[in-house]
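Could you put together the complete structure from these sequences and hints?
In the UniProt record's numbering, the protein residues as written are 1 to 649.
Incorrect hints may appear among the rest.
Distance condition first, Cα-Cα at most 25 angstroms in a straight line; then the derived BS3-like pairs of lysine-lysine [said to hold, decoys possible]: (1) Lys-276 <-> Lys-194; (2) Lys-460 <-> Lys-438; (3) Lys-618 <-> Lys-546; (4) Lys-421 <-> Lys-389; (5) Lys-559 <-> Lys-618; (6) Lys-473 <-> Lys-460; (7) Lys-618 <-> Lys-636; (8) Lys-636 <-> Lys-59; (9) Lys-460 <-> Lys-511; (10) Lys-460 <-> Lys-310; (11) Lys-132 <-> Lys-120; (12) Lys-310 <-> Lys-295; (13) Lys-460 <-> Lys-440; (14) Lys-546 <-> Lys-440; (15) Lys-562 <-> Lys-59; (16) Lys-562 <-> Lys-182; (17) Lys-644 <-> Lys-576.
Okay, the calculated beta carbon distance ranges per label pair [claimed, not checked]: (18) Arg-244 <-> Lys-59: 57 to 67 angstroms; (19) Pro-81 <-> Asp-580: 30 to 40 angstroms; (20) Thr-91 <-> Glu-541: 29 to 39 angstroms.
Just so you know, the hints here were simulated from the structure itself, not pulled from any lab data. Since this is a predicted model, take the numbers as computed values, not measurements. Beta carbons: idealized from backbone N, C-alpha and C, even for Gly.
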Amino acid sequence: AFQENEIKLLTAEIERLKNFGCLGISPSLEGLRDENAKLKYRLNFLQKSLQEERSKTVKSMININSCLQEIFGAAIQAAYPDLENPPLVVTPSQQPKFGDYQCNSAMGITQILLKTKEQKVSPREIAEKITKNIPANECIEKVEIAGPGFINVHLRKDFVSKQLSSLLINGVQPPALGKRKKVIVDFSSPNIAKEMHVGHLRSTIIGESMCRLFEFAGYDVLRLNHLGDWGTQFGMLIAHLQDRFPDYLTVSPPIGDLQAFYKESKRRFDTEEEFKKRAYQCVVLLQSKNPDFIKAWELICDVSRKEFQKIYNCLDITLTERGESFYQEMMKDVVKEFEDKGFVQVDDGRKIVFVPGFPVPLTITKSDGGYTYDTSDLAALRHRLLEEKADILIYVVDSGQSVHLQTVFAAGQMIGWYDPKVTRVTHAAFGVVLGEDKKKFKTRSGDTVRLIDLLEEGLKRAMDKLKDKERDKVLTAEELKAAQTSVAFGCIKYADLSHNRLNDYVFSFDKMLDDRGNTAAYLLYAFTRIRAIARLASIDEEMLRKAAREEVLILDHEKEWKLGKCILRFPEILQKILEDLLLHTLCDYLYELATTFTEFYDNCYCVEKDRQSGQILKVNMWRLLLCEATATVMAKGFDILGIKPVQRM
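Encoded structure:
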């Protein structure tokens, strides 16, 4: 209503200024035009924000940083209407004395005015002009100009209180999306007949968490497992299967250890010439879709799938399998398309494609006529873009594949499959897992660490830790088991996700199970403590829901204010990750939220008790609601990271 009224007043004012011109009254025509331009920008801002308010569901959390960017964007446009794409810099303040947020655009505008218009204006003067043009809004209490031209922003307490109440009533709801975009995430992608090892851990954990984030934000997400389920290695596996289990077509072969089976077939392939010839014949018969050989291939794939699924079940991973075999029939069309458009060169019998800016060409057909990983990856890219119609395509693959993937993406762009201004195709690269000796993580014998062994070791160590803390004496057997799996798998995931994925990271059970510092163990324990506060005061969920609708959250204490603002930064943290795909930002935020809560809890009594008897004297309900809001945001953060908290720990 307030915005609608202001729009009416502004519209009338613009008409008044128009009439001045009509009547020939122009005390300062230039000034009049400036005033008119300012009013129009202010009117546009108000109309846009009103439209957004109407289209937005009231349940959505507000991204305060985005709101402030809109407000300051409108102020800068009104103050400097001739500036194209002026810098817009709004960040949370690092210290309370500088307000809650800062707009640091004035310095950048100074440089632009000097370069483009040769005007020398001080940043402070620009900051003053910006602040005079801030449109009416519901979130800013006051602004102050500090230092050379920083604009310190103080938020309104009633605005923050209202947003917290909305969060408590409606739950954690993401800001509304415009068009519902389709996201495809390619992750995990182990090879058939080989066990998942520690190298697959990062792709699986990071990819799952990215999918959860995009799903929460309202995107249509397809999670793809690009299995290595095709290729020449299947020739030796099928030949060995025929020798070991000749009746495999009628009796399901009891292959217990597929890794050992693979090693046996590889040894025979390397040492027995006759076996090697037969292996090549098996590849030809498999590729020509001979039913007996397709059956053998399916049997081998099924054994692997069951092993992979054990790991996916432990880590709560959901995937749609779409391996290399899925794209086999599409490869000849890909080769033909590159040939028809004149991109193919023949080199020593091979068909290759040079992509501008990349020194190594893609080999799309080998000299024997067979296809390569390059062909398979191009076919997958084409299908995902043209058939699946992905708006965003993310490959969660190790950094070692960076040049290969960038070449494939550039080839797709070159042939016209996508325009990077419209479709986002990204390699979300990650570093390797290191042992505590800072070398590649291996077993003592030098072998690659099997992922299933790593998870079992995590379970054992988590139970040892819980027993050290004598949790087995206070928890039921069921609660202890739930705490064990929560801590074990939560700690393994968090240790990975809390590091910048672009860097290598050192795997250490001792560090990840430490309940001090930025670890899952600390956060899970903090969460159970927060959830227990209301329970121990005999306040149930229904009472909290009723209070959320009726109570005003008082934020008079500095620690209440600090916690309230920290809780509401959640949407801007998620928005940043949707843009840069760096999940450690969420881990850092959850740790900051937990430590900010501890400061609040140490300084503000939520439940006041008699020191002698322990009897509850007073329950400060607005503070319990702050506890509940903290726990609600933490629970959603855990869910995005794939971590399962427990009620008792």
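Enumerate the violated hints, using their earlier numbering and listing them in ascending order. Numbers 7, 14 and 16 - these are the hints that the structure violates, sorted from lowest upward.
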